[in-house]
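**Student:** When you line the sequence shown up against this note's numbering, it's residues 1 to 392, in that order.
These aren't lab readings, by the way, just hints derived from the structure by calculation.
It is possible that part of the hints are untrue.
[As the list claims (entries may be wrong)] The following label-pair restraints were derived from C-beta to C-beta distances:
(1) Ala183 to Thr299: 49 to 59 Å
(2) Gly184 to Gly153: 37 to 47 Å
(3) Ala232 to Gly335: 46 to 56 Å
(4) Ala232 to His280: 32 to 42 Å
(5) Arg325 to Leu229: 25 to 35 Å
(6) Gly184 to Gly335: 23 to 33 Å
(7) Pro277 to Ser231: 36 to 46 Å
(8) Arg97 to Lys238: 48 to 58 Å
(9) Glu306 to Lys238: 57 to 67 Å
(10) Gly297 to Ala246: 33 to 43 Å
(11) Pro388 to Gly335: 18 to 28 Å
(12) Gly184 to Gln307: 16 to 26 Å
[Unchecked claim] Derived pair list, reagent style DSS-like, types lysine-lysine, alpha-carbon separation capped at 30 Å:
(13) Lys138 to Lys238
(14) Lys239 to Lys63
(15) Lys138 to Lys71
(16) Lys138 to Lys63
(17) Lys239 to Lys138
Think of the CB as a built atom: it goes at the ideal place given N, C-alpha and C, for glycine as much as any other residue.
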Amino acid sequence: MRYRTPNGSICRVEDHGYPLDRGCGPPRRSAGGRAGPGPAAEPRGLIAAAVTRYRREHDRYAKLAEMVAEKCRRLLEANAILGTVDARAKSPESLERKLEELLAGEPPAARAPEDLLDMVSDLAGVRVKTYVEADRDKVVEDIRLAFDGPGEGGEVDVEVKADPSRHYRAIHCQVILPPRDLAGRGANLQGTSCEIQVCSLLAHVWNEIEHNLVYKAANGEPSDEEMELLSALGALTKKGDEVLNALIAATRRRLARRTGEFADTFDFVARMRERFPMAHNFEMHALALLEELRAFGLTTPETVEEQLMHGDYQRESWNLFEAFRAHQLRTHDWGVVLDPGSSDHLLVLLLARRAPEVLRRHQSDKPRGRLPRIARLARRFAEMAAAPAGGR
Numbered sequence: 001m002r003y004r005t006p007n008g009s010i011c012r013v014e015d016h017g018y019p020l021d022r023g024c025g026p027p028r029r030s031a032g033g034r035a036g037p038g039p040a041a042e043p044r045g046l047i048a049a050a051v052t053r054y055r056r057e058h059d060r061y062a063k064l065a066e067m068v069a070e071k072c073r074r075l076l077e078a079n080a081i082l083g084t085v086d087a088r089a090k091s092p093e094s095l096e097r098k099l100e101e102l103l104a105g106e107p108p109a110a111r112a113p114e115d116l117l118d119m120v121s122d123l124a125g126v127r128v129k130t131y132v133e134a135d136r137d138k139v140v141e142d143i144r145l146a147f148d149g150p151g152e153g154g155e156v157d158v159e160v161k162a163d164p165s166r167h168y169r170a171i172h173c174q175v176i177l178p179p180r181d182l183a184g185r186g187a188n189l190q191g192t193s194c195e196i197q198v199c200s201l202l203a204h205v206w207n208e209i210e211h212n213l214v215y216k217a218a219n220g221e222p223s224d225e226e227m228e229l230l231s232a233l234g235a236l237t238k239k240g241d242e243v244l245n246a247l248i249a250a251t252r253r254r255l256a257r258r259t260g261e262f263a264d265t266f267d268f269v270a271r272m273r274e275r276f277p278m279a280h281n282f283e284m285h286a287l288a289l290l291e292e293l294r295a296f297g298l299t300t301p302e303t304v305e306e307q308l309m310h311g312d313y314q315r316e317s318w319n320l321f322e323a324f325r326a327h328q329l330r331t332h333d334w335g336v337v338l339d340p341g342s343s344d345h346l347l348v349l350l351l352a353r354r355a356p357e358v359l360r361r362h363q364s365d366k367p368r369g370r371l372p373r374i375a376r377l378a379r380r381f382a383e384m385a386a387a388p389a390g391g392r
């Protein structure tokens with residue numbers, strides 16, 4: 001099957017019969033890997049050499065996993081997505097078992113230890129567990145924008161793990177850190193691949209139980225009773241997802257009635273999203289916008305409305321989107337874009353009034369290096385406002 005991500009790109013949906021949560025899968029090449037293997041080596045000696053080499057590099061993979069995890073945590077916070085992030089480098093003992101499994105069938109034609117290591121996708125692994133299933137696609141889209149991929153063209157490799165006979169649902173992303181993240185402590189991580197697994201908390205619980213009780217069982221096939229109970233547990237996780245969605249919605253309704261200053265990003269989204277019904281994904285980019293509003297003393301819905309939301313502000317927001325796109329078409333500048341389903345609907349109202357101030361604030365904070373997205377948008381809005389009237 002093929003799967004279309006929210007931005008229209010295509011990724012694979014397949015199940016090769018490998019355990020879905022342990023990085024087992026078809027061979028993957030890390031960025032810059034060799035084109036093809038040579039004659040097969042003796043399996044036991046090759047495994048021992050690969051594990052020995054990996055022991056020397058374990059700290060590097062642990063560092064990569066933590067750097068990728070921290071970046072994922074910032075993505076969740078920036079977009080007000082509820083979830084948790086874990087990171088780990090595969091242990092040498094786990095790698096040895098994995099390689100023995102891979103070579104138990106038809107041995108691959110590998111000629112060196114690194115050829116065998118290239119076949120394991122999760123030497124560095126990160127798991128993002130969202131509170132609800134509905135947020136998985138949002139996280140994957142954020143990952144695609146924040147990371148590079150090891151494949152041709154630098155695209156993140158996205159694979160949906162789905163099996164109708166099981167209750168585990170996850171999306172696996174193979175990523176590398178982009179050049180801007182490699183300075184300093186990341187200098188020796190260029191081209192090294194990390195696997196990010198994105199699943200819901202409840203799907204993760206089911207998979208851990210299924211994996212440890214059934215997949216790892218050393219005493220034969222699971223009984224019919226075990227399978228029936230696992231199926232019942234899977235049904236409970238789906239029902240639990242519905243309950244979690246209802247709970248989050250109830251929390252948002254309660255927060256929407258709060259008064260006073262915004263407590264955090266989740267509170268900000270809950271209290272402002274109803275004012276922009278066209279922004280179905282208002283939480284996207286919400287943290288950066290909230291920080292900007294606070295910098296200008298706009299810390300409550302009332303102060304935001306007073307300063308930014310005048311008259312038919314929803315129509316004004318759409319008009320600003322259209323004007324910005326026209327400016328991009330005229331200047332052929334697509335370095336940064338507005339997201340029509342996001343909190344950018346409120347952001348454009350701020351930039352229409354205070355773009356030069358936003359830009360100056362960030363240039364002062366970061367005189368050298370890459371400006372954050374909100375500052376780059378402010379620069380475009382300032383240019384658009386300064387353009388001759390006939391060109392607008």
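**Student:** Hints numbered earlier in the text: which of these fail when held up against the supplied structure?
**Tutor:** Structure breaks hints 1, 2, 5, 8, 9, 12, 14.
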